[in-house]
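J.: Sequence:
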Amino acid sequence: MLRYAFYTGCSAKGVAPELYESTKLVAEKLGMELIELEAATCCGAGAVQEKDEFMSLVINARNLALAEELGLDMLTICNTCTLMLREAKFKLDKNPEVRAAVNEVLKEAGLEYKGTIEVTHFLWEVIDAVGLDKIRSMVVRPLKEFNIAPFYGCHIIRPPYLIGYEDPDNPKSIEMLIEALGGNPVDHEARLACCGFHSFWSAEEKVTLRLTAMDTQAAKKQKADFMVTPCPLCHTQLDAMQPEAEEKIGVSIGMPVLHLPQLIGLALGLKPKELGLHKHVISTKSIIEKVA
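If you count by the UniProt record's numbering, then the sequence shown holds residues 1 to 292, one letter each, in order.
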């Protein structure tokens, strides 16, 4: 049994509960035991870091220390959480003075960051720890009739010195997983693009919505049945904001977007409703009808 300290992040407990539920269901199927870090807090998503870098380090050092108490590597289901936690770990491990200052604050909560665990993403563990061969053997409902457009999102591939899992200019992990599930990966111009979520803090609304439209239109142009992303922030931007992008830009798109665990769950025989496909903004009816 693979065991992890499960860092849910905010989105999976807020705007994307279907991600939380589908992750737990799929993890159980794959033999992954997720010990939820119920006392963990938001990673800050870069917003805290912009205002107070030291506070951002303290917040994430605390989250890491909670995982260290369990003696388990931390598993995330959000690209931005992955980046923020790995960046904090990188800075704390490389700078003893900063680490000491952070631990002085953590001492008040009876915690200490020691640097004894790693931060990993659900996608990576499915591929490396579970393994694609096992995934193939567990598929009961191949996704052969689906053309699926991967959307990586920025923070699971960049910057390479913090992420470093695969080539940031030509990652293949999601495509490999889609193929293992019997699906057909679709290459498209926006597979490595930004979804626009974080630009909400600094750019005009029309800029962020234009990114949403461009990304989803790129998948539609290549005749994808739907997109899949390993990041709930990307999902929020591409799914929930898609109608607004359509209205603002004056286009009709209608591109469904699935969370990565939902994709896996469908191939493993889980029901669409169990996986929360009915909770999306953009209708997933075309997918549900094919797998019913």
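Honestly, the hints are just simulated from the structure, not real lab data. One should not assume that every hint holds.
Stated by the list, open to error - The calculated lysine-lysine pairs, modelled on DSBU-like cross-linking and capped at a C-alpha distance of 35 Å, are: (1) K107 <-> K172; (2) K134 <-> K172; (3) K94 <-> K223; (4) K290 <-> K279; (5) K223 <-> K114; (6) K144 <-> K94; (7) K144 <-> K279; (8) K51 <-> K94.
J.: Work down the list of hints and note, for each, if the structure agrees.
T.: Okay, the hints, checked on the actual structure:
Taking the CA atoms of K107 and K172, the gap is near 42 Å; set against the 35 Å cutoff, the hint is violated. This hinted pair checks out: K134 and K172 have alpha carbons roughly 18 Å apart, not beyond 35 Å. Taking the CA atoms of K94 and K223, the gap is near 46 Å; set against the 35 Å cutoff, the hint is violated. For the suggested pair K290 and K279, the alpha carbons sit about 18 Å apart, so the restraint of at most 35 Å is met.
In summary, the hint linking K223 to K114 is not supported, as the alpha carbons are separated by about 49 Å, beyond the 35 Å threshold. About 46 Å separates the Cα atoms of K144 and K94, which puts this hinted pair outside 35 Å; it is violated. Straight-line distance between C-alpha atoms of K144 and K279 comes to about 24 Å, which keeps the hinted pair within the 35 Å bound. A distance of roughly 22 Å separates the Cα atoms of K51 and K94; the hinted pair therefore holds under the 35 Å criterion.
The structure fails to meet hints 1, 3, 5 and 6 from the earlier list, while all remaining hints are met.
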